[in-house]
Structure formats: C-alpha cells, structure tokens
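Number of protein chains: 2
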Amino acid sequence: MEQIERIKEFGGWLNRYRHASDACNCLMTFSVYLPPAADQCPVPAVYYLSGLTCTDDNVRVKAGAQRYAAELGLALVMPDTSPRGEAVPDAPERYDLGQGAGFYVNATRGPWAAHYRMFDYVTEELPELVEANLPIVPGLRSVTGHSMGGHGTLVAALRRPELYRSVSAFAPICNPVAVAWGEGCFGAYLGHDRAAWAEYDATELVRAGRRFSGPPLIDQGTADEFLAEQLHPEALEAACLDQGQPLILRRQPGYDHSYHFIASFIGEHLAHHAEALTRRP
Amino acid sequence: MEQIERIKEFGGWLNRYRHASDACNCLMTFSVYLPPAADQCPVPAVYYLSGLTCTDDNVRVKAGAQRYAAELGLALVMPDTSPRGEAVPDAPERYDLGQGAGFYVNATRGPWAAHYRMFDYVTEELPELVEANLPIVPGLRSVTGHSMGGHGTLVAALRRPELYRSVSAFAPICNPVAVAWGEGCFGAYLGHDRAAWAEYDATELVRAGRRFSGPPLIDQGTADEFLAEQLHPEALEAACLDQGQPLILRRQPGYDHSYHFIASFIGEHLAHHAEALTRRP
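Protein sequences, first through last, are from chains A and B.
Every number in the working numbering is 723 more than the matching position in the first sequence, counting from 1.
Every number in the working numbering is 723 more than the matching position in the second sequence, counting from 1.
Please keep in mind that the hints were generated in silico from the structure rather than gathered at the bench.
Predicted model only: the values in this text are computed from it and were never measured.
Some clues are possibly wrong.
Copies of the same chain look alike in the list, so a pair counts if it fits in one copy or across any two.
[Unchecked claim] Distance condition first, Cα-Cα at most 16 Å in a straight line; then the derived EDC-like pairs of lysine to aspartate or glutamate:
no. : residue 1 : residue 2
1   : Lys785    : Asp965
2   : Lys731    : Glu794
3   : Lys731    : Asp762
4   : Lys785    : Glu851
Modelling step: build the complete structure from the supplied sequences, incorporating the hints.
Spelled out as structure tokens, the structure:
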C-alpha cells in the first residue's frame, strides 16, 4: 500500500493510503487515524463504515472522532464506500447504486460482481492489510458506521462475530430488504432471489438465529428525515426481542441524520468500543 | 432575521439565519450554535471568523467546536466571509478577492465599496443583531478565526479592544500588507494608499501603538503550507516585543493549515475564551 497523505491531528497522524484491492479488483483509497499511543506500541482499531455518497473523507472531516480516538488510544480505519474508477460499473444517475453505494455486499450479478465485493473488502482484506503494515494489534477490532454503513456494520458483526469485540451504529438501515434503498441495490447486486438478500439484512439475520456476543449499541435520532421510510429500527428491535439478542437502541430526541448527530454521540460509541477492546477476554 | 435551519447537536442547537444586512447591502447568511445552557439563560458568545473561500458552513462542520461550546456554555457565532449574491461584485477567476474573500475590511474603492464592509458587519451589525434576537449576553464577546479570519480577528481586537474580552487565532495572516494575499486584496478594496492598508494589518497596528488588554493566543503549525509566504507570525511577534504588547504565540510542530489543525486546538482556544468571559471584571 502507498501512503498518499499525512496530516497531524490531536498529536497523532491522519494518514491516507491507496492500494490495489484483490476483493474489489481496483485501486482503493482509505484513511487511518493513528493516535499518539501508536508511536509507542500497536493499538486496537475501530472500523468506521460510511453512508451513501461518502468517501473515506467525510467521517474524518465531519465526525470529530479523532479527538476521542487520541484520548482513548484507538486507531480509526475508514474505508471508502465502494470500488472506484473508470473501469468500475456505475449508475451515475443514482446516488444509491454503484460508486459510493456498495452497500457492503459481495455482488453476484453482472456488471457488478467483478468489483463490488465490499463485504470481503471491509471484513477481510482491509484488516489484513492494515494489521500487516501499521501499528495496529492483529485481530483486536470493533466496528461502527452510519446509515448504509450502519447496515454494513451490523451485518458484518452478525455474520462474522468472531472478528469484532463490539459493534455500534448511527441511524443504520436495519431491515434493507423491506425498504427502497435496500431493494434497489440488492436487486441489482444480488439478483431476484430474496433468500440471498437476507444474508445482508441485520433484522433477517437475527430472525434466522445469527448472534453477536454483546449488545450492539445503536443511536437513532427521532427527527431523522429517513427514519420512517428507510431505517426501520423497530423491526430489528422486535427481532432481537423475539430471539433473545441483547440490543441497546437509544432513540435520541430531536436529532437528524447528519454528521452533527454523529458528532454528538461518537465519543460515547468510541468509549463503548474502548471498553470492549481493553477488557481482558 | 429569518431562521432557515435548525439542527440539534450536543444537546444544543446549530441554527442558521438569513437577514438583510445594512453594512453589506445584501442578504447575509450566518450560523449560531446555542449550547444547552442557553435554554436556561443568556450565554456569552465567541465569534469565529473564517478563512478564504469559506462560508459559515466550514467551521460548523469541520472544527469540532460545538462539543466544547456545549461543555463550556458558550454560543458560537459564525458569519460568512463576504457579501454574497448576483448583485455583489466578484472576481470569479480569483479565490482571494471578491466573494469568499472579504478580508474583514470596509472597502473604499469601486466596485467593492457598495457591499464589502465586513469590518463593520462582524464588529457591529452582527453582534447587535444576535444580541437582540438570541439568548446571548449583550457585550460579552470574544473572537477567534483562521487564516484570513485570524487576520480579521486580530484587527478587530486591536482596533476595537473594548468589544472583546479575549482574542485568539489559528494561523492568522499577521502582516497582510507585506504578503501577496493582502496586497492583492487591499489594493482592490482600499486603493493604492498604503496608509489605509495599515489600519487592517495587525503587525502595523501594534507598531502604531494599538493595544489589546490581554495576550492574543495564536497557534501556528510549523508544517503549514502557507507559513513562509503568507502568514509572517514572526513580524507580529517582533512588533509585540518592541511595543510591550503581550502575546502567546505557540508554534505547533508538524501541524498544517487545515481544519485538522484547528480541530486539534479549538478546545484550548474556547477554554481560554470561557475563562475570560466568566472572569469577574
């Protein structure tokens, strides 16, 4: 991997890298914040999966997360939201399909399948890469994300619970198979067989018996402009209750879907992850 | 003034307003963050003057200031950087003149003089407006800013020291009459008489005997890409030393000119202002 940017922040370093991704079959860009503690010894990492239209830049500029990561001694790993480049299929007229909208799935249908393998990318290829090349403790990971990235976060944790010590999400798409954002993408990426869609739906995964060892921490603003149509936290909540999956779902009065909402609570999320990552197993 | 946006953040409210400005002779947009404490009683305000190309949005999205303002019980008042609109003169081929580049001066030359009165706007019209309409204590103000806004901040404090309890700046243009950014704008806005320019130059104001009652707090990154050509903190430092003006100038190793630098130190700046604003006179 090639380092393409290095910015000092809160005594640590906000770095950006580019590498040839096997999973995505293209050049991928990501950012990592290394806290001051990483100068002394390897640190645990929190992965942040971003929402629709984002790159790795949105969270690092808007969330205010680096301050807390510096204080808590956590690395932040911030991937892009899809494969990129002229050779990568896109749907330029849509913000919710194609580049910027990978939905953290492994696509199985053309033209997407040759590049859109974001599930493998964020759960396997990227952790292996950063743990081999940066002062990050191998295997000591937590995951969080926003909206489409909150969906990816919950799916990653439910399908690969052994990879993460803790999981949290901001305004996640909790039941994508039942809403327009998910239907539009899953049909394109995965085809018409809805059984394949259920493998990328947190609510369906819980219903089918998948578990995460601790309670996912979810914050959801009550003034979120996408809450009623796209997010459906009540479906996940009901599935968790039915199935005995612990869940911390906090409805935050008056907050919207923006990074101002994320900024307000990212400190509590990172503290939650730091506690899990430093707890003795 | 008309409220055009309202976003909950850190338990308070990030609001945006539009109003017909007398000073700028156009519609102006600005943002105010009101901390949770403002629900109970009026709070002091810190004004943040932004840099070249910015609107009120950059700082509210990128600086991470609202967290500290919420904790400290401070309002943040975030004006735009110039008059705006189709009727307002511009230099679209330049990022450092015209809209987005008001330089916080009262222009005296055509075509700029009819609108570009940002000094009066930020020091008089805007404070009167927000103090009359929002839960902000009249007259209890501090001021900070970045780059061109750091210049505006120092000039406001040195020319109108009675208006502010404390002043700070991030990577300010300390001696604009001596650098390309200042020369290009001051010639256009103020004409060829360099005596008029000196009224908008912090170093020249100190040399001419202007004083601020406390030490301005300035942070300057040593890896700032504009440091050598445009900022000249050493000129201000020398003038302050010559004239007995206290100054806290901190050279921060490795930091650049970006909002990642501002984010790293805005908490210390707001704590500095909170101390001054809550001190008994």
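*Would you list, in rising numerical order, the hints stated earlier that this structure does not obey?*
When the structure is compared with the hints, numbers 1, 4 turn out to be violated.
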